[in-house]
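Chemist: Sequence:
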Amino acid sequence: MAEVELTGRAAPVYRVLDWVPRIAVVTGLWLLGVAAGLVLAGIAPATLAAHQVMHSWLHNSGVRAWPRFWSAWREWIGRGQVVLGLPLATVWVLAFYLVAGRQTVWAAALSVVLLGYLVTLWLLPAVAVSAGPRSARDLWLLTIHLGWRRPGLPLAAAAVLVAVSVGAWYLAPAALLFGPATAALGAVLVVRWVSRPRPTRDTPVPTRSGPPAR
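Just so it is clear: in the sequence shown, position 144 is 144 by this note's numbering, and no numbers are missing.
Derived by calculation from the structure, the hints in this document are not laboratory data.
Note that CB positions come from ideal geometry on N, CA and C, so glycine has one too.
Incorrect hints may appear among the rest.
[Said to hold, decoys possible] Label-pair distances were calculated between CB atoms; the ranges are:
(1) Val112 <-> Leu40: 27 to 37 Å
(2) Val13 <-> Tyr117: 19 to 29 Å
(3) Leu94 <-> Arg134: 19 to 29 Å
(4) His145 <-> Thr90: 30 to 40 Å
(5) Val13 <-> Arg137: 18 to 28 Å
(6) Arg102 <-> Gly28: 16 to 26 Å
(7) Tyr117 <-> Arg196: 20 to 30 Å
(8) Asn60 <-> His145: 45 to 55 Å
(9) Trp106 <-> Arg15: 45 to 55 Å
(10) Ser71 <-> Pro151: 27 to 37 Å
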């Protein structure tokens, strides 16, 4: 079925509404992927596969979600445990040290470290699906580089997601339906933006050319 190009003032609204069912579909696939891996072994491949679907849709909205998701899920079922599963496990270690040191002078520093780590971890799956075949170490380093070369946008996007999550806490069905896929879409968009090269001083600046003064 050919896609209809939307124009006019209402076009942005229709584009946003088009993403609502897509997000619900990807969240459902994510839940199935987690269950297919017996929860613990399914979190990493399901998360990476959800990001892969979002990444594919941004390039081609006609990509079919079901085959794309499960193809990526099978691709990441083994390697994803190292790329994403291991960093996810270290969150518990950092959280343990934060709880253990909450009454010490290191509590504030540990909180900042944990926050920065969580933001980086949020971007990791998006980097992994867009960077091509690389080692886990290279993907971790690339995520740190992309995430903190322009820290303003990742931090702002993370703050928005936290605010939305807190609001969705009171609307549990909505959080369950849209939460995982919304986080995936946000991460893919942030990585897409921060991956763009920065303008340099040598970049020509467009100027206006008018008729010569008389």
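Chemist: List, from low to high, the hint numbers that the structure doesn't satisfy.
Modeler: 2, 4, 5, 6, 8
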